[in-house]
Amino acid sequence: MNLPEREAAVRRMLEQAPPPVPPDLYADVVRRGGRMLRRWTAARRLMWLVLFAAAVAFIVWASIARPWVEPPSETTPPLTGW
Amino acid sequence: MRERQASQGARRAREFEAFVAGAAGRLLHAATLLTAEPRDANPRARRLLTLALAHTYASWDRLRGEDPYDRARQQLAVRFARSAWHQYGSFGRPRPSPDNVLARLTPQERLILVLRLYEGVAEEQTAALLGLPTERVHTICARAMATLLHPPRGPAPTRVEVAPS
Chain A
1149 MNLPEREAAV RRMLEQAPPP VPPDLYADVV RRGGRMLRRW TAARRLMWLV LFAAAVAFIV
1209 WASIARPWVE PPSETTPPLT GW
Chain B
13 MRERQASQGA RRAREFEAFV AGAAGRLLHA ATLLTAEPRD ANPRARRLLT LALAHTYASW
73 DRLRGEDPYD RARQQLAVRF ARSAWHQYGS FGRPRPSPDN VLARLTPQER LILVLRLYEG
133 VAEEQTAALL GLPTERVHTI CARAMATLLH PPRGPAPTRV EVAPS
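Chains as they are written, first to last, in my numbering: chain A, 1149 to 1230; chain B, 13 to 177.
Bound-form chain B, shown alone (with noise of 0.2 Å):
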């Protein structure tokens, strides 16, 4: 009996060794965005990925054959949400870091941005991970792309006077 427990633990540990080695890179560049930190000083990304392996290490033994990808991108996903909540007070004050073009994005725009275009999760599935309608998705990443696509210049935008004719 644990002998069993014994090789059952080993087999358990090289798998999730594989399967950290595979991911790790893809998951804390998708962290990063997140969070919108520089590259080589990414405290709070590493944090988050951290936490988020650690459940899935947790619940290794109880995947019943999904993905560990999907559910390690999940507690991300959530985690983030949920650490924005907390940390901004609302989910839509952006983060003032002007170095980064991602900053300029609400937490809330980023989360959906990365997740719907780095990581090419479906409209609907985002959806139902953020307790959102399918609609506002689609509208929040038209919108993160818009401002990615076409920064804002300046503090304010001067209307365009136009001339009847």
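Here chain A stands alone, though its shape is the one from the complex (with noise of 0.2 Å):
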């Protein structure tokens, strides 16, 4: 037997007898996917308010320690008394 014949062969095998589809399947289904996709919401609105929390806290605390701004010097002396 040559490769057609021989997967033509394996095809038919695979293609007797088809199982009955359970008539509840279709509800089942919407079920299990309305609550994958509420699920999803969720993850994607708590993934959008933590990025939100983090972005304020990082501007009040920019507002507040000034990083940018240069540290006074602390080896010189303050110059005194002339």
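These aren't lab readings, by the way, just hints derived from the structure by calculation.
Mixed in with the good hints there might be a few duds.
[Claimed, not checked] Derived coverage of chain B by chain A (criterion: at least 3 residues anywhere in the stretch with Cβ under 8 Å from a Cβ of chain A; other residues may be distant): (1) 34-41; (2) 55-65; (3) 83-96; (4) 120-134.
[Claimed, not checked] Pair ranges (Cβ atoms, derived): (5) B:Q17 to A:I1212: 40 to 48 Å; (6) A:R1159 to B:A53: 52 to 60 Å; (7) A:A1202 to B:G37: 26 to 34 Å; (8) A:A1203 to B:G132: 48 to 56 Å; (9) B:E78 to A:F1200: 28 to 36 Å; (10) A:R1192 to B:G77: 21 to 29 Å; (11) B:E29 to A:R1192: 24 to 32 Å; (12) B:E147 to A:A1202: 16 to 24 Å; (13) B:R148 to A:P1152: 16 to 24 Å; (14) A:A1213 to B:R74: 39 to 47 Å.
[To be verified] Not close to chain A: a few residues of chain B, all C-beta gaps over 10 Å, as computed: (15) A18; (16) S19; (17) Q20; (18) R23; (19) E29; (20) L45; (21) D52; (22) E78; (23) D79; (24) A115; (25) A139; (26) G143; (27) L144; (28) P145; (29) T146.
Everything numeric in this text was worked out from a predicted model, so none of it was measured.
We put the CB at the ideal spot given by N, CA and C, even for glycine.
With the hints as a guide, dock the two chains, each given alone in a separate frame, to form the complex.
Here it is, written out as structure tokens:
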């Protein structure tokens, strides 16, 4: 037997007797799929919320700490009395 | 706004119901072939199909013109590969259930055979889906076909002595 014949034989073997589809499949799928969708939506919302909170926290910290301002020198003594 | 959402939901439900009515039979057959269960008692295949279709339902609005059947089949294959990995420890150990012809194959051989021959997925796509080289898919498919067409008789094949000429 050459390759196409062998493939056809295996295909025939695979295609016999399809199983009956259970009647409650659609309801089950929609129930699970809806739950999955709600979970994804909640996860996405949570992610945005965390991102927003992190951004706000960073802005508040930066406005308080001002890391871009040069810190006052500690090695040179202050110039007084001249 | 709410009315539009409701009508969109109704349309989506209608479309999805039509899709399931058309595709469930074929996908369930593929799932039953994958799990090598008998056609009347296939709880694993049903569970696999339900999860794959639920995933398709959840991502229905984000398909953007992609074929939902393709998506569902991909989910089915990936979920089966993962569950086989967890269930048998390794991908290669065959299942002891001698009543089904396909049970003689390993889960990986069944997966590749069903994708290639029952579903008609191209070799390159199968390889990309499973993360294997194309040659490997070709080899595994050929081996699976050989096992199906020429089943080994008895526990160990006897070696034939070849007389020197």
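Consistency of the hints with the structure:
With 5 residues bearing a CB less than 8 Å from a CB of chain A, the segment 34-41 of chain B meets the requirement of three and the coverage assertion stands. For the segment 55-65 of chain B, the assignment as covered by chain A holds, since 6 residues bring a beta-carbon within under 8 Å of that chain's beta-carbons and 3 suffice. For the segment 83-96 of chain B, the stated coverage by chain A is violated: 0 residues have a C-beta nearer than 8 Å to a C-beta of that chain, whereas at least 3 were required. For the segment 120-134 of chain B, the stated coverage by chain A is satisfied: 4 residues place a CB nearer than 8 Å to a CB of that chain, which reaches the threshold of 3.
Take Q17 (chain B) and I1212 (chain A): their Cβ atoms lie about 43 Å apart, and the range 40 to 48 Å holds. Here the CB-CB span from R1159 (chain A) to A53 (chain B) is close to 24 Å, at odds with the stated 52 to 60 Å. A1202 (chain A) and G37 (chain B) have their C-beta atoms about 49 Å apart, which leaves the hinted 26 to 34 Å range violated. The hint said 48 to 56 Å for the Cβ distance between A1203 (chain A) and G132 (chain B), and at roughly 50 Å that hint holds.
Separation of E78 (chain B) from F1200 (chain A) is about 31 Å and conforms to the stated range, judged on CB atoms against 28 to 36 Å. The supplied range of 21 to 29 Å is met by R1192 (chain A) and G77 (chain B), whose beta-carbon atoms lie about 22 Å from each other. Range check, E29 (chain B) to R1192 (chain A): about 26 Å between beta-carbon atoms, so the 24 to 32 Å window is met. The hint said 16 to 24 Å for the Cβ distance between E147 (chain B) and A1202 (chain A), and at roughly 47 Å that hint is violated.
Checked against the hint of 16 to 24 Å, the C-beta distance between R148 (chain B) and P1152 (chain A) comes to roughly 22 Å, which is consistent with it. Checking the proposed 39 to 47 Å range against A1213 (chain A) and R74 (chain B) shows it holds: the Cβ atoms sit about 41 Å from each other. No beta-carbon of chain A is positioned within 10 Å of the beta-carbon of A18 (chain B); the least distance is around 15 Å. For S19 (chain B), the condition that its CB be more than 10 Å from all CB atoms of chain A holds, with the nearest at approximately 18 Å.
Consistency note on Q20 (chain B): stated as away from chain A, and its beta-carbon is indeed over 10 Å from all of that chain's, at 13 Å minimum. The Cβ of R23 (chain B) sits about 14 Å from the closest Cβ of chain A, beyond the 10 Å cut-off, so the non-interface label holds. Separation of E29 (chain B) from chain A is inadequate, the least Cβ-Cβ distance of about 6 Å not exceeding the 10 Å criterion. The Cβ of L45 (chain B) does not lie farther than 10 Å from every Cβ of chain A; its closest approach is about 6 Å, which violates its non-interface assignment.
Interface exclusion of D52 (chain B) from chain A breaks down, the closest Cβ pair being 7 Å apart, not more than 10 Å. At roughly 17 Å, the least C-beta separation between E78 (chain B) and chain A is larger than 10 Å, which holds for a residue marked as non-interface. Residue placement check: D79 (chain B) keeps its beta carbon more than 10 Å from all beta carbons of chain A (closest about 18 Å). With a minimum CB-CB distance of about 13 Å to chain A, A115 (chain B) clears the 10 Å threshold, and the non-interface call stands.
Listed as outside the interface, A139 (chain B) is consistent with that label: its C-beta sits roughly 18 Å from the nearest C-beta of chain A, beyond the 10 Å cut-off. The Cβ of G143 (chain B) sits about 24 Å from the closest Cβ of chain A, beyond the 10 Å cut-off, so the non-interface label holds. A cut-off of 10 Å between C-beta atoms confirms that L144 (chain B) is not in contact with chain A; the least separation is 20 Å. Once the 10 Å rule is applied to beta carbons, P145 (chain B) is consistent with being away from chain A; the minimum gap is 20 Å.
Consistency note on T146 (chain B): stated as away from chain A, and its beta-carbon is indeed over 10 Å from all of that chain's, at 16 Å minimum.
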